[in-house]
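Knowing the structure of chain B, use the given hints to seat chain H on it.
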Amino acid sequence: MSLPKRDEMLHVIETLSTRYLRGKIRAVKLSMIALLSGGHILLEDIPGLGKTTLALALSGVLGMTFGRLQCTSDLLPSDITGLSIFNREEGKFTFLRGPIFNNLVLVDEINRAMPKTQSAMLEAMEERRVTVEGVTYPLPAPFLVIATQNPVEQVGTYPLPESQMDRFLIRTGIGYPPEEIEKTIIKGGSIRDRIKDLTPLVGLSDIMEARKAVKEKVLLSDTIVGYIFAIVAATRNHPFILTGVSTRGGINLAEAAQAHAYLEGRDFVVPEDVKAVALPVGAHRLILRPENEALDKEDVFQSVLKNIEIPIL
Amino acid sequence: MVHVRTVLDILALVTGLLGSAPLFFHLNRIPQFVFLAALAFVIVTAWKGVPPLRGWRATVITGVFFFYYALQFSRDNLVEPAANLLVVLLSIRLAGEKIPRNYLQIYALSLFALAASSAFSLSGAFLGYLALLLLSIAVSLVLLTFFTVDSRLSLTRRGLRRVASVAAAMPAASAPLILLFFVILPRPQFPLWDFLSPAGEKVAGLSDRVEPGSAASVGEVASPVLRARSEKLPRKDLYWRGVVLNTPQGNAWIRTEIPGREGPPPKGVVMVRQTVFPETTASPWLIALDAPWSVSGVRSGKSADLVFRKRRSSGGRLKYDTVSAAHGVIETKEGVDRDFYLKLPEKVSPRVLSLAGSIARQGGSDSVRLSRLEGYFQSAGLRYATRDLPRSADPLDEFLFERKAGHCEFFASSFAVLLRAAGVPSRLVGGYYGGEYNELGGYYLVTESMAHAWVEVFLEGRGWVRRDPSIYAVNFSRERDGKRRGLVATVRLIADSMSYYWNQTVITYDLDKQLRMVRATGSALRTLSLPSGVRRAGIPLLIAGLLLAVFLVCAKRKWGSREQRVVRKFLRIVGKRYPHISISPSTGLLELAERTGDPRVRRFADIRYGALYRDRKLSEREFSLLEDITRAFAASRETVRDIERTSGTSH
Chain B
1 MSLPKRDEML HVIETLSTRY LRGKIRAVKL SMIALLSGGH ILLEDIPGLG KTTLALALSG
61 VLGMTFGRLQ CTSDLLPSDI TGLSIFNREE GKFTFLRGPI FNNLVLVDEI NRAMPKTQSA
121 MLEAMEERRV TVEGVTYPLP APFLVIATQN PVEQVGTYPL PESQMDRFLI RTGIGYPPEE
181 IEKTIIKGGS IRDRIKDLTP LVGLSDIMEA RKAVKEKVLL SDTIVGYIFA IVAATRNHPF
241 ILTGVSTRGG INLAEAAQAH AYLEGRDFVV PEDVKAVALP VGAHRLILRP ENEALDKEDV
301 FQSVLKNIEI PIL
Chain H
1001 MVHVRTVLDI LALVTGLLGS APLFFHLNRI PQFVFLAALA FVIVTAWKGV PPLRGWRATV
1061 ITGVFFFYYA LQFSRDNLVE PAANLLVVLL SIRLAGEKIP RNYLQIYALS LFALAASSAF
1121 SLSGAFLGYL ALLLLSIAVS LVLLTFFTVD SRLSLTRRGL RRVASVAAAM PAASAPLILL
1181 FFVILPRPQF PLWDFLSPAG EKVAGLSDRV EPGSAASVGE VASPVLRARS EKLPRKDLYW
1241 RGVVLNTPQG NAWIRTEIPG REGPPPKGVV MVRQTVFPET TASPWLIALD APWSVSGVRS
1301 GKSADLVFRK RRSSGGRLKY DTVSAAHGVI ETKEGVDRDF YLKLPEKVSP RVLSLAGSIA
1361 RQGGSDSVRL SRLEGYFQSA GLRYATRDLP RSADPLDEFL FERKAGHCEF FASSFAVLLR
1421 AAGVPSRLVG GYYGGEYNEL GGYYLVTESM AHAWVEVFLE GRGWVRRDPS IYAVNFSRER
1481 DGKRRGLVAT VRLIADSMSY YWNQTVITYD LDKQLRMVRA TGSALRTLSL PSGVRRAGIP
1541 LLIAGLLLAV FLVCAKRKWG SREQRVVRKF LRIVGKRYPH ISISPSTGLL ELAERTGDPR
1601 VRRFADIRYG ALYRDRKLSE REFSLLEDIT RAFAASRETV RDIERTSGTS H
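First to last, the protein sequences are chains B and H.
At position 84 of the first sequence the residue is numbered 84 (this note's numbering), and the sequence of numbers has no breaks.
Quick note, this note's numbering runs 1000 ahead of the 1-based positions in the second sequence.
For the record, the hints were derived by calculation from the structure and aren't laboratory data.
You may find that some hints are simply not true.
[What the hints assert, rightly or not] Coverage of chain B stretches by chain H, computed from C-beta distances (three or more under 8 Å per stretch; other residues unrestricted):
hint: 1; region: 219-227
hint: 2; region: 266-272
hint: 3; region: 303-309
A quick note: this is a predicted structure, and the numbers were derived from the prediction, not measured.
Just so it is clear, CB atoms sit at the ideal spot from N, CA and C, and this is done for glycine as well.
Here chain H stands alone, though its shape is the one from the complex:
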C-alpha cells in the first residue's frame, strides 16, 4: 500500500526539479541557494518526519523576496527578476506544508519557471523538459483528485500503477494533437485592435512623387504607418526617412536612381538603434529614422542616398532593425554630381528666378546662400495649411508670392527649387516627421498624418545637410498636434500598445516561422549532446518507444474488442440486478449463472464460453445474440425465450 500523499510529494518534487532545472544556471546566487536549501529541507523533513515550513514564516519569506524583486522590475529588466522570483516562490512552496491548492501552485510555478527558461536559452532539451513536466503534472493532477477526496487514502501498487498509466496516457495522447495544431492552425494576418482606429479615407501619405498643387486640400489620416521600438528621442530628430526625390518633372518631384557610392558611417555620432514594425503597405520603401545607415532583418537594397528598398514584396508582416545617425547630416566621401542636383524644372516662374538670382548675386559659399534663403523664408510670412491650397499652373509661384500658405510639399519643393536656382545642390526627402511615444510599450507610433517632406542641401565639406523649411511657417509649432491627453487619447494609447504587442508576438509570427521553428527544434534535437551511439539510434528509438508505450497502454486497457465491451456491460447489469451476488474477477460466467439461477445469464455464458474456450471469435449472430440478451436484460424482465424468438434461433 502506498499513501497517495507520499506519491504526490515525490511528484511535486520531481515537477519542481523539472521546472527549475533548465533555469537554474541562469539564476542569481540567492535563488540558487534558496532552491537547493528548499530541496534539502524537503528531503530532511520527509526523512525525519519534521513538520514542514508553515503559516506566517513562509508568508514572511515570500513577502520579503517579492518586494526585493519587485523593486528590480522594469521594462528593460523584466525576465531576470521574474525568473528569480519564480524559483524562490517555487522553493518556498516546496518546503511549505501542502494542501491541494499548494500542489496546484507548485505545478503552475514549475510550468512558469520552465517557460521563463526559454527566455534565456531555448534548446532542444526544453522539449524534453516540457514533455516530462506535462507528464508529471498530469499524473499529479489525477492523484490530486483522489487526495482531495480522502487525504489519507492509500492505493495498492497495482492500483497506483493503473492510475498512473491512465493519467500518463492523457498527455501522451494529446501530444501529437498539440504538434498538429501548432503547425496547421492559421494565425490572423490583421491587427487585433483595428476596429479602434478611425476608418481611413484613402490618402497617400508617402508616395514616389511629390507634386504640390495637385489637390485643393489634403486629408489627414491617423492610420498607423509604423511602430519603432526605440529609446525616447528629442522631437527635432524625429525625421523618418522614406524616399529621396531628386529630379523635378513639371510641377512634381520624382526619383531617379543615381549611381554613386555611399559614404562611410559617421564617426563620433551616437547611433540610434531601432526595431521597426511597419504596417503592411504597397510602398517598397523601408522607412527608418533619418539618416539610416543600415537596415537588417529583411532583404533590401540600399541606394547611395540612403534609401532602402524592399527586394521582394512579401505579403506578410515584417520587422527590421535599423541603425541611424540622427544628427541631420549625411557625410559623403566625394563630391556630388552638381549638374544633376542643380537641374531645374522646365518652367520656373520669373519671380522665383529673380528671387534666386538675388540670393546668388550676393555671392558667397553654398552655406551662405542657404542661410540667406532661410532668412527669406523666415521673413516671408508663409503659413502652414492643408486646405485652400494653391492650384494654379505654377503652384510654387502662387505659394511663395500670393497665397503664402501651403503644406510641407510646398515649402520643401519651393525651397529646393530656389536653392537649385541659386546654384546650391539640393534634393527632396519624403518621409514622416514626429511620432507619438508610447511609454507603455516603449515605441514610437508614426501615422499617415505625419507624412512630411523636407530638403537636403549639399554643402561642400559637410555633406548633405537636412533642412526643413516647414519650420519657417509662421504658425509652425514643434508640437504640431498639440498634446492630446484626454481619456480617449489614453485609451487609444493603450489600445495601440496592445496592437503593437499583438503584431509583435502573434502576427509577425507566421506559418513560415512556425515551420522554421519546427525545423529548428528538429535540428536542436539532432544536435542534442548524447552519447554518439544513442544519438544515431536516438530518434527512431524514441519514436519506436513511444509507439510501443502507446500500444502497450492500449493493450493493457483492453479497449479493443466489442466482445469484451458487451461482456463487461453484461456483468455490470447482472451486478445491478443481483446486488447480493458479489462479482469478482475470479467469478466465471457459468458460476454466475448457477448462483443467480437466471436462465438469461446461463444462455449468455453458454454463448460466450462456447466461442471463447473453443479458441474462436464470436460469430456475428452470436454477438448480436449477446447484445440482445444484454439489452433485454437491462430493459425489462423478459425471459430468455423471448429473446431467442426474436432472434430467430431454435432450441
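Just chain B, same shape as in the assembly:
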C-alpha cells in the first residue's frame, strides 16, 4: 500500500501521543484528520486538560508557524486580522498582520469573543483569506484553526450559533487521561518547556502532499456515498432533531472519512471510517428540538448511526 507521506503522518501521531501528549491520542488523531482534510477543529472541554499544549505540540512537530488568540469580550476583529498603521518614516500606512496569518492558529475560548469578532474569525477560516480596508490577503497554507471553548462557564459568553458551529469540521473533547497516565503526567510536570524545543518532523510541503493524497488517492465509492447520505438523511428525519446535518456536513463527513482511511492505510473508504469520524464531525451540527435540548448531541447522533444498515452485502 503506497499512500504518499502516510508513514510520516503516522510517525507524527505516534511521536506526539507517546512522548508529549500522552492519553490524547484521539484528539491528536482527530487534529490530524482535520489538518489532512483541510478543516478546523473545535476542542470543547474544561481548561487545563492540555488543549493549548496540543496545539503547541502540533505546530512544533509539524513545522508550522503558530499564532494564538485569547478571546475576550473586547477583542476586535482587527486584533485578529491585523490592521494598517501609519508609518511615519515612509509616510504611508503599512499593514500589520494579525495572529491569524499563521499556519496554526489557536483561538482560546472562542465563545468569549463578541459575535462580530467571532464571525470575522469564522469568515477567515472559511475563506482562507482576509480582506482589510479593501485589500485581500491570502492566509498561509496549510491553515488550521484549533478553537477551544469551555462548555461549563456560561457567564459573559457569546455561544457560537449553530450556523457557525457548522464551519468546524470536527468538534471533540479531550477528556481526562487514564489514571496511570495522569499520575505520570502529574509527576513529570508541565511539558511546555520541552515542547518549545520540538524539532519539526515533517515540513509544510509534506503536509500539502499528504492532503493531496487524501483527496486523490483515497477512493470514495458510491456505496459509501450512499451510506453517508443515509446517515445525513436519517438525522433530518429523527424525532429528536430539529435540523439535521447539512450538505456541508455531508461533504465534511466524507472528507474526514477519507482522511481516516488514509491514516488507516487504505486507499478506499469503508463504513468503519465513516463511523469513526461520524460523531466528532456530525454531532455538533445537529440542532435538537427544544424539548430535547438537554440530551447529549453525541448520544443522539449515536442512536441515529445505530439504526443505519451498513452496506456489506
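Here is chain H on its own, set in the frame of chain B:
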C-alpha cells in the same frame, strides 16, 4: 406496531368480500341481507369493541339455515341452495368470534363461494376475483401461522410489509405454473371405472347389417354403449334408434341411402330432451331415443328416415343433445316410394310367400293386414332365444315354421319380409331396447346386450309406425333381464354413476376444450368492461406491472449474488461462534473483526471490503477465498494462515 389479529381480521373481511361479491346478485334476498348485516356487524363490533357473535347463538343460526336449505336440496336444484347456504355460513363466520380454525373456515368458504359463482356466470372477472382471493388467502395463511404461535403478536409496519411481500410472492410465483399445467397436463381418455365392467367378448351389438342365421348363438355383453341424461320414461318407449335397414340382400338387411325429405316434427306430442354420452365406437351412427328429430352438439348428417350419422369420426369422446318424440310414430309429409319398401329378398321360401299371400288375399287396408300378421305372430308360439339358432340356407323359413325360436333379428326380419310380401311397406330398425335407469345420476345406461332390431311399418295417413315383433315371443317379458337388485348390482350402479360423472366432467373435457377455454378467458378479459383507455393499454400494462412486481420483489429479497450469500452465511457463523457479540445491520465487518479479535474475520472483512468499497465485484479468487474462510470457520478452529496456505496466497 400493528396487531397481527387486526390484520387477519381485515384480511378475513376482504377474503369474504372477494369470495361472495361475484355471487351476491345471484343470491336470494335472505342471504343477501344476512351477508350485508354480517358486514355491518363486523365493522360496528370492531369499531365499538363489542364482543362478536359467539357460542351457541352462532351455532343455532347456522343450524336453522342449514336445515332450511338442506330441505331445498335436490338433484335439479343443487347449486342455488348450496350457494345461498355458503354465503350464509360465511356471513356467520365473519360475524362470529375467530380462533385460527374459524379463519381457515372463512378462507375455505370464500373459495367455495367464488367457485359457486362460476355456476351462475363465468366471466373474465372471475379470474380477477380468483387471483385476488388467492393472494389474500396466501398472506392470511402466513399471518395465521404467526397468530397461532402468539395471538397477541404485533409486528412493525416494516416487518408486516416483509411478511406480506413474501407471502404474496408465493401465489405470484405459482400462478404461471398453474396456467402452464392447466394447458399441458394430459387428461386420460378412458373411463376411470373400466376395470369394474366384465371383460367383453367381442360381439357387435349394432351393425350396419342384420343377418339372422349367420351365427349359432349370440353372446351378450354388458359393456356400456351410451348413457343418456334423461327423465325417467316408461319402458315401452325405450327404443334407441340407431340405423334403418331398408334393403334385403340375400338373407341380410342392409342400408341404402334413399332420397326424400324429412317430415315435420310431430305436433301435440311431448318431446323428450336428452343428453347422450356415448362410449367411443367405430360405428358412425348417433344413437338417440326413437324417434329423434334433432341432434345437436356434434356435427352430423340427418337422413329422411331419421338416421343421424357422424360427419367426421372424432377420436375423442363426445356428447350430444337430442330431442325425440317417443310415441312410436314417424309422420311423413308425403307418401313413400312403395316399390322400394316392398322389395323382397331374391329368394323367399314358398311357405313364407303362401303365409303372406293368405294375409294379402283377405284384402283390407295396410293396417288390417298388419294386425292380421300380428295375430299370426301372437298365435304362432315363437320363442325368444339366443342359442341354438336356425342356421340353414333359409333361416327365416326355419325360424317361422320349424324351430320357432330366435332372437330379435329373426323376429324383425321375418316380420318385415312377411309384411312386404303381403304388400305393406316396411323396414328394419337397428338399435337398442331398454336401459337401466340410474337414480343416482339421473341417466339411462344402455349396454351392448340391449341391442335390438324392430320393424317400422308404413301406414297411409299415419306414417311409419313402430312395431316390435319380438314382443309376440311367448317368453317375452318387458323386464327382459328381470330385476337384479343384489349388493353387486348396487355396487355396479354406483360404479357406473361414477364412471358417468368421470366421463362427463373429466374425459369429455379434453385439450381442445382447455384451449378453447383459455381463448375464451382471453376474449372475456378483452371484452371486460373497463374505461376505454385502460382497456387498450390494460393487458400490456397488467403484464408489465406483474413483471415489475416480480422484479421488485426479487430485487428486494436480494437473492441475487453469490457474494451476498457467502457474506450472509459468514455472518451467521460468526454470530454462532461469538454469541456474546451482537451483530446488527449497523455492524460493519471491520468493526466485527475488531470486536471478535479474530484474524479470520479480519481477513474476510479485508477481502470483502477491498472489493465492495472499490466499487468492483469480487474476483473469482477472492470469492473462493471467502468461501474457504467461511467453510473453514464453520468446520474447525483452523487459523487463517492455514486457509491461505491451501489457497496458495502469499502474504
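These are the hints, each one checked on the structure:
A stretch counts as covered by a chain when three or more of its residues have a beta carbon under 8 Å from one of that chain; for the region 219-227 of chain B and chain H the count is 5, and the coverage holds. Figure legend: the region 266-272 of chain B, annotated as covered by chain H; annotation consistent (5 residues with Cβ-Cβ distances under 8 Å, at least 3 required). Against chain H, the region 303-309 of chain B contributes 5 residues with a C-beta closer than 8 Å to a partner C-beta. That satisfies the three-residue criterion, and the hint holds.
Checked against the numbered hints given earlier, the structure satisfies every one of them.
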